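> If you want the building blocks of each chain, they are given just below.
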Amino acid sequence: MSEILVETREAGRTYRVGETPLVALDSATCKIISGSHIALVGPSGSGKSTLLHLMGGLDTPTAGTISWPGLGKREALRPEKIAFVFQTQSLLDPLTVVENVEMPLLLGRRSAKDARRAALDALDRIELADIADKLPEELSGGQTQRVAVARALAYRPRLILADEPTGQLDHPTASHLFDVLLASLEGTDTALVVATHDMGVAGRMHDRWQMQHGVLEVSG
Amino acid sequence: MMALIWFKGLLSRRRGRLLGAVAGVALTVALLATIGAFIASSGASMTRRAITDVPVDWQVQLSPGSDPGAAARAVGKATPYTALQRVGYADTAGLKFTTSGTTQTTGPGKILGISSNYQKTFPKEISKLQGSTSGVLLAQQTAANLHAAPGDQITIERPGLKPVKVKVDGVVNLPNADSLFQAVGVPPGSAPQAPPDNVVVLPSDQWHKLFDQQARVRSDSVHTQLHVDIAHKNLPAQPTEAYTHVQGLAKNVEAQIAGSGTVGDNLSSRLDGVREDALYSQVLFLFLGLPGAVLAILLTLAVTSSGAIRRRREQALLRTRGAYTSQILRLESLEAVIVGVLGVGLGVGLAYLAASTIAPSGVLARATVLAWTLAAAAAGLVLAVAAVLYPAAREARNSTVAAARSVVGRVRKPLWQRTYLDFLLLGVAAFMFWRTASTGYQVVLAPEGVAQTSVSYDAFVAPFLLWVGVALLTLRLCSFGLDRGRKQVSTALNPIAGGLSGAVAASLARQRVLVTRGVVLVALAVSFAVSTAVFNTTYTAQSYVDAQLTNGSDVTVTGPTSSPPAGKLAALKSLPGAAAAQPMQHRLAYVGNDLQDIYGINPKQIGNATTMSNAYFANGDVRSTLNTLAKRPDGVLVSEETVKDFQLHPGDQLNLRLQGKDHKYHKVPFHFAGVVREFPTAPKDSFLVANSSYIAKQTGIGAQETVLMRASGDPARLASSARKIVGSLAGARVTPIGSAQATISSSLTAVDLHGLTHLELAFAIVFVAAATGLVMALGLAERRRTFTILSALGARPGQLGAFLWSEGLLILASGSLIGVALGLGVAEMLVKVLKGVFDPPPESISVPWVYLTLLALAAALSTGIAVLGAQMASGRSKVEDLRDL
Chain P
3 MSEILVETRE AGRTYRVGET PLVALDSATC KIISGSHIAL VGPSGSGKST LLHLMGGLDT
63 PTAGTISWPG LGKREALRPE KIAFVFQTQS LLDPLTVVEN VEMPLLLGRR SAKDARRAAL
123 DALDRIELAD IADKLPEELS GGQTQRVAVA RALAYRPRLI LADEPTGQLD HPTASHLFDV
183 LLASLEGTDT ALVVATHDMG VAGRMHDRWQ MQHGVLEVSG
Chain G
59 MMALIWFKGL LSRRRGRLLG AVAGVALTVA LLATIGAFIA SSGASMTRRA ITDVPVDWQV
119 QLSPGSDPGA AARAVGKATP YTALQRVGYA DTAGLKFTTS GTTQTTGPGK ILGISSNYQK
179 TFPKEISKLQ GSTSGVLLAQ QTAANLHAAP GDQITIERPG LKPVKVKVDG VVNLPNADSL
239 FQAVGVPPGS APQAPPDNVV VLPSDQWHKL FDQQARVRSD SVHTQLHVDI AHKNLPAQPT
299 EAYTHVQGLA KNVEAQIAGS GTVGDNLSSR LDGVREDALY SQVLFLFLGL PGAVLAILLT
359 LAVTSSGAIR RRREQALLRT RGAYTSQILR LESLEAVIVG VLGVGLGVGL AYLAASTIAP
419 SGVLARATVL AWTLAAAAAG LVLAVAAVLY PAAREARNST VAAARSVVGR VRKPLWQRTY
479 LDFLLLGVAA FMFWRTASTG YQVVLAPEGV AQTSVSYDAF VAPFLLWVGV ALLTLRLCSF
539 GLDRGRKQVS TALNPIAGGL SGAVAASLAR QRVLVTRGVV LVALAVSFAV STAVFNTTYT
599 AQSYVDAQLT NGSDVTVTGP TSSPPAGKLA ALKSLPGAAA AQPMQHRLAY VGNDLQDIYG
659 INPKQIGNAT TMSNAYFANG DVRSTLNTLA KRPDGVLVSE ETVKDFQLHP GDQLNLRLQG
719 KDHKYHKVPF HFAGVVREFP TAPKDSFLVA NSSYIAKQTG IGAQETVLMR ASGDPARLAS
779 SARKIVGSLA GARVTPIGSA QATISSSLTA VDLHGLTHLE LAFAIVFVAA ATGLVMALGL
839 AERRRTFTIL SALGARPGQL GAFLWSEGLL ILASGSLIGV ALGLGVAEML VKVLKGVFDP
899 PPESISVPWV YLTLLALAAA LSTGIAVLGA QMASGRSKVE DLRDL
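First to last, the sequence lines map onto chains P and G.
Residues 3 to 222 in our numbering are what the first sequence spells out, letter by letter.
Residues 59 to 943 in our numbering are what the second sequence spells out, letter by letter.
For reference, chain G alone in the conformation it holds in the complex (with noise of 0.2 Å):
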């Protein structure tokens, strides 16, 4: 009956509080479990994207001899598949081709052999530029080589055996030659080989007829693969299980097939990329949600215990009338059941709501989620009891009656600021950024080949304690601020109070637990949404950066130097919607014996069509760089792996051998004039990058077989009206940044952070409004006896307000003073230890002015409701509280 009287209770008259602390479980519970929704689901989603992309998951290399059909049983026994294709590689001393009394010929080179419908299954390994699909098809550079086109007859040399003639239908691009011509069977780690210069794919059957005589002559120079795609849907969702799993089966074929073959497997490769950034995407959802659990945990104890006092008077109230300790405890549990019970369900609706919105459909039913959201339900039932049951167990053994009169109390010095807590986790902090910045930031380690994965989470040990330590180091500031300063509080809030700023300053003073609380409160909710803000603007600037480097530009336009799409440079440069339009040659050179791209741009103004980052040159200075490189019109910049390569030092002649108008490699002289780390659509390794007025003399050749577009709108759209443009243009090819930012190689910036930023950032901006207004609000409601005392002393409802808009706007701009400069600070912090997320890492951090003006409005619109509802409040419950006086 009692308990019935109590919930009653409960329900009409602390309203407030009961919801308050619901809310804050249910943001605790909801967060939790959006986080393990996302982290899941980004695993999955990498996994997805990763195997996508790959264009043939198995190349299992068969020994000279071996039995084909016998490999492919051992594949279909180790697991299920859906494409499994024989490929003959065979290789070819050169390749000749006469043309108006001129011979071409090239270098060493592959020929392939494929069945029909092996582009149909396959279709990322080999596309259509001119003529047909089927039939003698010549590798794009090799037609280059040797000048030859569909319908020309070529000739293709045979180790061993007389050369034989082939006429050519079609030209066609392997994008994925790297892959295709692999090193099937080298050990992890090893140096990449160089695809071939040269490549004819044959039609099986012709292969055969031309090859197989020549595997008998010379076995070595004939080989078979199979090309697999295994079934995905019994894949692991998580990359790193997935790239184990993948790696396991590959095994178990080779087992099978024991020493006839070797799986050249593709899968756990592009897996093994991805396992790091699932790690680093593990690690970046921790640590841009925890803070926000953390914070909802905070702000559930500061509503609980701003009804400290109304609760120590109900305590003795109820121990005035008999109640025993274990009774009062039965009664206060009920509250934290109704919190713990009315939260977490409210939090996981939340949740549920949230990821299903956000994260792809499906997602919800898997065991990490639910594994999540039962940990988040039980936080949050802990959360209620140790918000409500534990400081009121507190109050019933530790107080007595008399006791429970006390309200303020002279302020003694808490045990952490004794022992200078604040300053030693600051301390900490320093020291332990400092040693991440000596490991070059390396947070995430999932060595290549290698099963094992690590993540060095003391990494976030920095920004965390730079929290805590900010937030205690706050609570000792403004506690000795009030105290100390309550002059300049004073005449600082002397335009508000007038001349009532005095007693205004005391009443804080003594108030400056309270007041300190609702600072840090206020500044942890606004460095959260900052630094999360901050991060995530940063984050997606620095991935357009990233889909630039890739793409190239917001729009490239790509062609062969036969007919380059900068010929329709004017047109355009004309387009609705094209800012800027910049022509780039790329061609090949040899370095050496090494085939490398060589990339002829206009210094000057290659920057006003695509971002030139400084971390692109290894100085740093993208400025300096290529105004060098404007000023010496023979420069060269050198990718670092050549500069080591060649031991080359500023100033030194670099001679490479390019492709003139005769077909022919000749020797051009260059002077080495930088390290280039990086640059738009150029590979990864090694590239060079040049004048492009210098390569067009010394070659004859002007072409310029790229347009680099910057979008002043959508790119999809100025994509689509290139493609009108240079439609007619043969092998001519748009790609707008949009299919670089779906397929670029980092599949962590690729990754959708949009869902968990802006779930977050709405999180933010109700942290920020129920910091700075619920908080004060259910503080005011409690202090409601002192405003009923100072109106029957005849205080005015402006002087009234004066004390609650000096507390409020005291609260509200020393909290996001000191949260905007922590949330700076934080985001610096992240961004730099999360300096292997970006690529190329950022220069500076982005500010998101919008979202931050949104955020100021929204703290300011919730401390002006809470001043002016308390302040209504005070004045409408005034006669019924003068009975309590």
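Okay, chain P solo, but in the shape it has when bound (with noise of 0.2 Å):
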């Protein structure tokens, strides 16, 4: 059954930039529905990255308001509910790759034990167990972002928010990485927006929404 996971009304987010009041968010109003994929589409500066932060309870909105109807409080989102993917590297550098992966259920209160079960078995939903023991220095880029993609999965959160996570991978890679996380998805409800220039990526999901100098535009 359908479900409303995210819902923003007039939401807006204006930074201070020493005097000068930078809008990187206007009125924004969408709704994030449970087993959605939604691409957010949309230039460098359009306000992708400031929408997902409002989204994932990492930031206030200064305008409008948010709500998480399907999801719970602001509080609790993360990390059971809201997983996130980031750009670049955002493994913790002295945690081995299974260390990083079963972090989110620890800090879900979940038992070690379990936690290491959980990521054990994420890491070998996306075929990274062989190198589950090592350090995040010794991956090479494609293979950190699949691990943070399997740390993403651990928990089997209602929503992952995705920020340009292929941004700094070649065309190849990114494509294997997005087969890997849809794969994973397959058959759950677990919404997924991501935020990216790639149309490749875009094309793969239900719906693409546009930004545009803080103006999301949705459709689908």
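I should point out that these hints are in silico values taken from the structure, not numbers from a laboratory.
In this text, all values refer to a predicted model and were calculated from it rather than measured experimentally.
Idealized CB from N, CA, C, for every residue including glycine.
Take these hints with a grain of salt, some might be off.
Unchecked claim - Taking beta-carbon pairs under 7 Å as the criterion, some of the chain G residues facing chain P (in silico):
| # | residue |
| --- | --- |
| 1 | 554 |
| 2 | 557 |
| 3 | 560 |
| 4 | 774 |
| 5 | 775 |
| 6 | 847 |
| 7 | 850 |
Unchecked claim - Cβ-Cβ distance ranges computed for the label pairs, FRET-style:
| # | chain 1 | residue 1 | chain 2 | residue 2 | range |
| --- | --- | --- | --- | --- | --- |
| 8 | P | 4 | G | 471 | 56 to 62 Å |
| 9 | P | 126 | G | 74 | 39 to 45 Å |
| 10 | G | 451 | P | 126 | 42 to 48 Å |
| 11 | P | 142 | G | 538 | 51 to 57 Å |
| 12 | G | 378 | P | 33 | 40 to 46 Å |
| 13 | G | 452 | P | 142 | 26 to 32 Å |
| 14 | G | 545 | P | 29 | 53 to 59 Å |
| 15 | P | 132 | G | 538 | 27 to 33 Å |
Assemble the dimeric complex from its two separately framed chains, guided by the hints.
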């Protein structure tokens, strides 16, 4: 059954750069439905990351409202309900691959045993079980992002927010990463919102939302 | 332009790192410059103190028939002087006094002839006890021997001439009789000559009238001395230089008056004794101060290296934008210049403030201090370059853009670990300590009469290597413990980190290079603080014992046998501020022909009124020695010298001659009960200690000439109250411990170490706070990315805190534990190596609990502030930092 996970109404975010106000997001209204796969496209600085941060509860809007009807209170969104995948290397340097993947589960107060089992399972699903004990610095760029995806999947969240996850990868590697991600979400009602410049990636999503100068244009 | 942008960036974005490095350089410079100021000022104050104490600088003994005027001119030619007086010395075959039909006679003695203003010119030689201070004066012991008082007429026997009669005007004390009657011209190192038992002081005119004729009849029995105080203003400040200078002047005088006189150089002799203390003080200051400077250097390096990751990224970015290595280095050198200039300026300012607050005024102008300041400034600049530019240059030359991504890496054992350098250093430390111990801890050598001095600096190699060795061993063990003992670390961290303890332990294990560096810095800072504080407390406590040994107790009341202060014992005991008071006899006794001081005590109670140290007795056991004496009423404790001279064995009967009621010396049998090395108020060489009850019974005189008082409050105030009680007793003197501390024979313990140690203790707290707080805060700032990721993953503030507190507390607890143990070890070693500083040596080290509590609080507080600050920062900057992810 489709469920509204996130709903923004006239949400805006203005930053201050010295004395100058900078509007990063202007009156964005949208709904994220469970199981949906949305591509958020637009040029750099158009407000994609800002919208993802607001949706993920990492930031608060300076105008309008944002709510999570299907997910609960903002304080309880991460790590159980929402997971992030970032553009750059976002693994914890001192921890091994498996320790990185199990981190959200530990933060969610799962027992160490359960967390390890779930982490290994996630790594296995995206064919990374053989590098479980490696350190992030020993991985290639593609592997690093795949581990980040595994970390996002490990908790089996309701919504994954990916901020240009393939931005630093070549096309085949990016494509493979998405194969893995989409395959992992197959058969689940986990929603996926991906901010991307890559039209190939965008083309594989159910919907494509456009962003320009902080303005969101929802379609589909 | 590029440099300007970089400069602005540094000031606005890298303020913490910059300020940390500036603070480190400033502390290093301040410590080094302050140590220099203290070394210079302590030497100068030792010289000043030593020469002020000398009663007469030179006693120029003239050969019979030589011209005193010519000798005086020779002195004036050699050096300016502030006083010069002629003093006549004549031998007497004996003195006689008849009263109530009984005649008292004495053995040989000396008759001095002094001018009317001699006492004003040389006030330390003669002090009044009874009657007038002019006219015919009898020395206290002579008056006691003759049983004569002012107004009595005594007879002086003159060799080869008829006896003469003189009327006594007063009784005086000759506190410096040893030097006044010294044998001038004997080679250095000769056994000191005992002063005469009988002395009469006559006005110069009268002396000439009575003894000029004797000089003609028996020229060997009469001689003249010139007593001279030379001008001190031109003397070099340091004792060793002053000693050589004064010795040269004396030789000059002797050369000028060739053959007709010899200089008894009391000033050089005094400076000779101070040279060793000056060297000890130099060594002491260096040893107390240098570890602090080393620590400041390590902290600076730690602060700058905490930015290594960020620096590597900055360099990588510059390189990707086309910057050459030389351009990168020029930009990095800008940071080194800022750190160097600000650090040196601040350090010199701090040193000036510290030294001018604590050191005597005017000292800072001295060339030595200036040289130290310049050297410290140079060291500061070198440190800035080494801390900032060197690692930057190494990074720029060796790393590539790809390598710049590396932040943690699999840790490879460094060379020192693979070569077991830590164990090697500890082994060498043990060997060096054993070697120093085998020489009886003789660190400083300044042989009497020899201009050359030497300091065995290698004695300090042992504590230094112990310090370095333990630091490296700590690195090894912490690294090993974090790596292999991850399970145990995780269990230990469970109360703080809960379910995250495993991840925290894993994170700490991977970052063990950073963590162990923090632990070692905290350990070194804590050990520096602990060792300095413990040494300082032990030194202060032992200085007090030393002063008590010289003065007798906190307050000592003395008086003649005829009016003993013990008569007022009850009143003295009941004075406010008097914790205890114990009477003690102080008489004279003949051992063979040698007249020695004998102290009559109650062995069971003497310890109530003054410190009785184990070191006072040859067997090192005060309790058993005093018990033995108490059990044997006729027991006597004898000084080592007498035991050797008279070949005594325990239990031997020793017949002493003590003065009885009839003022004659009678044989009193004693039994040798033990060897005493030192005793409150006793002279350094020969003396005896016996039961007061036995002495009283055998001599028929129960008088107790000394009262030792322990103060519960201010000794000076107690002394002032005691003076009111004994004011009516003729010849009674009250001396508080403060006066002994000021004029104590060991000038090293008299040197005010408080200034330096207080400064050091303050520095130590700063170091501990910096090690626990600043370095951690900077390290955590560098790891802000980690906390941003954790926040994005959903970590609650408490969970972020678990990472921060785990690291902070692990560093604090491990560092503190190792630091306290190392500090106590170094202090123990230091006290042993510097045994020569203490008189008597301490039985155990004293631990300053209050200071250590303050230190622990400072460490805990700075850790708390650093962790909370990092926790707040990790929450606050979350959104901006996410843009970097």
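> Are the hints correct? Go through all of them and say.
Status of the hints after comparison with the structure:
For residue 554 of chain G, the interface hint is violated, the least distance from its beta-carbon to any beta-carbon of chain P being 14 Å, above 7 Å. Checking residue 557 of chain G against chain P: minimum C-beta separation of about 6 Å stays under 7 Å; hint holds. Proximity of residue 560 of chain G to chain P holds as hinted, the smallest CB-CB distance being about 5 Å (cut-off 7 Å). Because the beta carbon of residue 774 of chain G sits about 62 Å from the nearest beta carbon in chain P, more than 7 Å, this interface hint is broken.
Checking residue 775 of chain G against chain P by beta carbon gives a least distance of about 64 Å; that is not within 7 Å, so the hint is violated. Below 7 Å, beta-carbon pairs count as interface contacts, and residue 847 of chain G has one with chain P at about 5 Å; its hint therefore holds. This hint holds: residue 850 of chain G has a C-beta 5 Å from the nearest C-beta of chain P, less than the 7 Å allowed. Roughly 58 Å separates the CB atoms of residue 4 of chain P and residue 471 of chain G, a value that falls within the hinted 56 to 62 Å.
Here the CB-CB span from residue 126 of chain P to residue 74 of chain G is close to 43 Å, well matched to the stated 39 to 45 Å. Remark: the range hint 42 to 48 Å for residue 451 of chain G to residue 126 of chain P is upheld by a beta-carbon distance near 47 Å. As the Cβ distance of residue 142 of chain P to residue 538 of chain G is approximately 32 Å, the hint placing it in 51 to 57 Å is violated. Between residue 378 of chain G and residue 33 of chain P the C-beta distance comes to about 42 Å, which sits within the given range of 40 to 46 Å.
Taking 26 to 32 Å as the suggested C-beta distance range, the pair residue 452 of chain G and residue 142 of chain P conforms, at roughly 28 Å. About 54 Å separates the C-beta atoms of residue 545 of chain G and residue 29 of chain P, a value consistent with the hinted range of 53 to 59 Å. For the pair residue 132 of chain P and residue 538 of chain G, the beta carbons lie near 29 Å from each other, so the given range of 27 to 33 Å is met.
Checked against the numbered hints listed earlier, the structure breaks hints 1, 4, 5, 11; every other hint is satisfied.
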